[in-house]
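Place chain B on chain A using the hints.
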Amino acid sequence: MPYTIPIGPYHPALEEPYKINVTCQGENVQDVDIAIGFNFRAIELLAQRRNYLQDVTLVERVCGICSNVHTMTYCMAAESIAGIELPRRAAYIRVIIAELERLHSHLLWAGVASELIGYQTMFMEIFALRELVMDVLEAISGNRVNYAMNVIGGVNRDINNPDDILAAVRKIKATVEKVVIPIFTTDATVKARTAGVGILTREDALAYGTVGPTARASGLELDLRCDLPYAAYGEIGVNRVVQTSGDVFARVVVRALEILESIRLIEKSAAEFAKRPHPH
Amino acid sequence: MTDYNNLLQQLPGATPLVQKKDGWWMIAPRLDVLEMAQKMKEWGARFSTMTGRMISEEETAVIYHYCLENVAYNIKVNTQGNKLPSISVILPAADWIEREIQDLFKVEFTGHPHPERLLRPLQLEPGLFREIGGAKEKKEN
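Protein sequence lines correspond, in order, to chains A and B.
Under the numbering used here, the letters of the first sequence match residues 1 to 280, in that order.
Under the numbering used here, the letters of the second sequence match residues 281 to 421, in that order.
This is chain B alone, in the form it adopts within the complex:
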């Protein structure tokens, strides 16, 4: 039986996994997410979804949720300059959720195959969930 926990902890930038009620958690701000996605794909994991959370005015935490052999793995990574590499090329299931997080938290997923807006009208600035009080109209130049 493959020891996926050990393999995950060997990824570049990985930190120790912690078991919680809702599965395994890794808080790894500088994890190599492309390597993570590649390995998860090779192991036959199902990509469930991603969660965004504003952690400062400039940065966002992004949690990658996987299901691997019926066990949930939640891997929390921080953006750098509010950017992260897109894993959509490796795992197409991430395509829409990366675009959604782009809309809501203004995170740029570099290398996304078609990074158009997904949820919100084009005339509105992305980043609704970063703003207290709701959407901010795009300022006229």
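One chain only, chain A, in its complex shape:
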């Protein structure tokens, strides 16, 4: 006999307020009803009542995890409309910040995933790595979140100590290679809870307009950094990470490999960026 568990809209396991009614048969989820809108802020309406510069601050607050990408894309749109060319040093700084943000987002996801499957020690290990990223972002921008790095036509702050960034990301790389990836890909308990679970087929991923690592874990070779390069991604070159099994395991592997790719991009950006002097 199926049973329904209501979760939310406010619950310790939810990052944001939403309500889900999960219909289960034993341990299998058969159906889910989702209700959202508990935190509706009418960002688009607010944006229409501010000027272009004020809107940068507004769109930074669309999301606390991925604040940078919102200001970056907003600034790119405004630069395109105004015909402004981004200085190359600023383009490399945008890549470094974007990849640091991706690192902390992927590590957050991996940490939360570990916690959800009951692997508390892994959760703490990963969140300790995430702290390193947060420290770097704070050192660069003064903020752990909402970094306020982007402005129309460039960036608000220079990066003065790229070596500090490199030291932090190399530490992350060592732990991800030696601890996180081996455990996530070989541990029997982790595999039992991820392999073959929650399969999103390639066909469904396309039908539902999926993007990002979720799409790439279902075999869709989508990556805007490769397909329509922006900032300095065209010069640096991005290696696409794609898996085809479409299960939770594939989504873990994509993110794990993308962590390493982000670190490679940060290392390469830092080297290139050092060749381009500050304009002042």
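Derived from the structure by calculation, the hints contain no laboratory data.
Be aware that a few hints might be false.
Reference excerpt, derived from the structure (chain B facing chain A, CB under 8 Å, subset only) [as the list claims (entries may be wrong)]:
(1) 324
(2) 326
(3) 373
(4) 399
We treat Cβ as the ideally placed atom computed from N, Cα and C, and that holds for glycine.
Then chain B, alone, in the frame of chain A:
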């Protein structure tokens, strides 16, 4: 290589495509959106999102955004009586955004599989983005 531009311009109600900085644009107020969605699905396009924009007290422009072989296609259609056929049955990715546009612009997407409100509390009238000055409380009868 398939000439998608030519095929798109043959859809019922289509108008010529115009290339802009952000991709191809078609302003086709009376386009057959169900046929558009069906063809886009067949061609393997990714449905990105939709944008609503109030064009008069009664009507709304709805822009369908697709990504087809890494090229953006933006197709602008007008509602008739503030209604449009729902494409969610063909492209499920449109499900939530049609409901959002229903909430914000009061557009009715006919044939939507479950046209419940998505974003805003049920006690508020839909159409927040149609109103100058913000949400209007539902009037008591």
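- [ ] Just pull the numbers of the violated hints for me, sorted ascending.
- [x] none
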